[in-house]
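Position one of the sequence shown corresponds to residue 1 (the numbering used here), numbered consecutively onward.
Fair warning: there could be bad hints in the mix.
Taking lysine-lysine and the PhoX-like style, the derived pairs with C-alpha atoms no more than 20 Å apart in a straight line are [claimed, not checked]:
1. 188 / 243
2. 188 / 205
3. 205 / 134
Label-pair restraints from in silico Cβ distances [said to hold, decoys possible]:
4. 265 / 241: 23 to 31 Å
5. 96 / 212: 45 to 53 Å
6. 222 / 95: 35 to 43 Å
7. 89 / 132: 41 to 49 Å
8. 275 / 85: 54 to 62 Å
9. 38 / 178: 30 to 38 Å
10. 275 / 93: 23 to 31 Å
11. 38 / 282: 16 to 24 Å
No lab work stands behind these hints: they were computed from the structure.
Built from N, CA and C at the ideal position, the CB exists for glycine as well.
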Amino acid sequence: MKSDKQFPAVAGLTIELMRSYIALVKWRNQLLALLCLAVFAGLGVLYFQHWVVQKPFGIILIIGEGLAPERIALTRVYLGGSDARLALDGMPHVALVTNYSRDFAVSDQAAAASALATGVKVNNRSLSIDPAGKPRANIIELARNRGRATGLVTNESLTNATCAAFYAHAPNANDSDQIARQLVEGGKIDICMGISTAEFLPEAKQGQRQDNRDLLLELRQSGFDVVRTRAELESIPVWRRPKLFGAFVDGNSGSNQAAWNDEPALSDMVRRAIELLQFNQRGYLLIVDAGRMRKAAETNNAEKTLTETAELDRTLSTAQRYAGPKSTIIVSGDTAIGGLHVNGFPFRKDSGIALLGLNPSGEPWMTWATGPKGLQSYGAAKGPERQTPVNPDGCILHQIGFGNGGGCRLIRKRPWHGDVTRHNRQHTDF
């Protein structure tokens, strides 16, 4: 048997190759182990995120001021008939909210919004503070502390009580100067958009501030893009971290057609807010306030109330389309205002709807709509002056009024038209 000692060079080469091979195998095994560890860790994180925690990427809270079930029902009829479907009808879960204040059985706007913002009942007229005046943390502050981007959008003033409850802490919800100052100085909201300018400008610039501070200028100096028109809003790029403040002119405040054209709809503001907020890797929280519903209801403007409720429904549809399935969207009212009602009862099963109202003399009266080619009237008294004129095209009537004794009127003329009698004894023929 030959010995390796006869070939020392070959033996040394073999040993060296063996050692290199062993080192290579060890390095390969370590690399495979590290790769397997990374794969299992990634799968674990994926499982944890998608099957265990499932945190929503976007959280959107839409508040319809004065929203109540009967208003939703009437909006459905207003838009397309009793069998029409709203975006609200497609929500997977429905619940009723009891929202009284801490010191009274009926909550005002400030206390109702504070309960939604903080989860704690407060006294009427106060914003997110307890009876001792201690501030209560709101959900925008909590979301920001957890790394979420935040937004606040309304088609009313940004200092109205519903919006203010999500960023301000004050004993007087009507102190708009102080509330506006808290919004600007706090700087805790990445995107704010509303139909308000006077609260942020001094009197010298057609504002209402008594301290001569130009808060819009201060926002610009702190790095915010301040937009005043719909075109400026649409021009904001989506590739950078948003710091946006929208102060739009109220197109409903007068006959200024330019102001109406420059004002974005609530659904437009929500669309842009989602586009700008969704690039934050840790998600976002967006508060949406449909405030004009309240103003229309408080002025007893029934049709305007329903058009604004329709805009809320359109806003919900927009939010669902742009936020995507991994987001959580909640629609809530704050306090019900009176309530709209469809009154009356069917007179015959095979035709029309009977509605009880008052004729021009103030007597009970029933108007009967039979359909496309006929209209008959029935009343306690007979006579030509008591009869509703026959409408050759027919009509479908809906009498609506507020529970606080407001007027009744035709909510909308779709392909139909007809007669309406109001509680103030003014008979209107549409």
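We went through each hint and held it up to the structure:
Distance hint between residue 188 and residue 243 is fulfilled; the C-alpha atoms sit about 10 Å from each other, no more than 20 Å. A distance of roughly 26 Å separates the Cα atoms of residue 188 and residue 205; the hinted pair therefore is violated under the 20 Å criterion. Among the hinted pairs, residue 205 with residue 134 is inconsistent with the structure: their alpha-carbon atoms are about 35 Å apart, more than 20 Å. Taking the beta carbon of each, residue 265 and residue 241 are about 25 Å apart, inside 23 to 31 Å as hinted.
Evaluation of the 45 to 53 Å hint for residue 96 and residue 212 yields a pass: the beta carbon distance comes to about 47 Å. Distance hint check for residue 222 and residue 95: the Cβ-Cβ separation is about 40 Å, which falls inside the suggested range of 35 to 43 Å. The supplied range of 41 to 49 Å is met by residue 89 and residue 132, whose beta-carbon atoms lie about 43 Å from each other. Taking the beta carbon of each, residue 275 and residue 85 are about 27 Å apart, not inside 54 to 62 Å as hinted.
In this structure, residue 38 and residue 178 break the distance hint of 30 to 38 Å, their C-beta atoms being roughly 54 Å apart. Taking 23 to 31 Å as the suggested C-beta distance range, the pair residue 275 and residue 93 conforms, at roughly 27 Å. A hinted range of 16 to 24 Å for the beta carbons of residue 38 and residue 282 is consistent with their spacing of about 23 Å.
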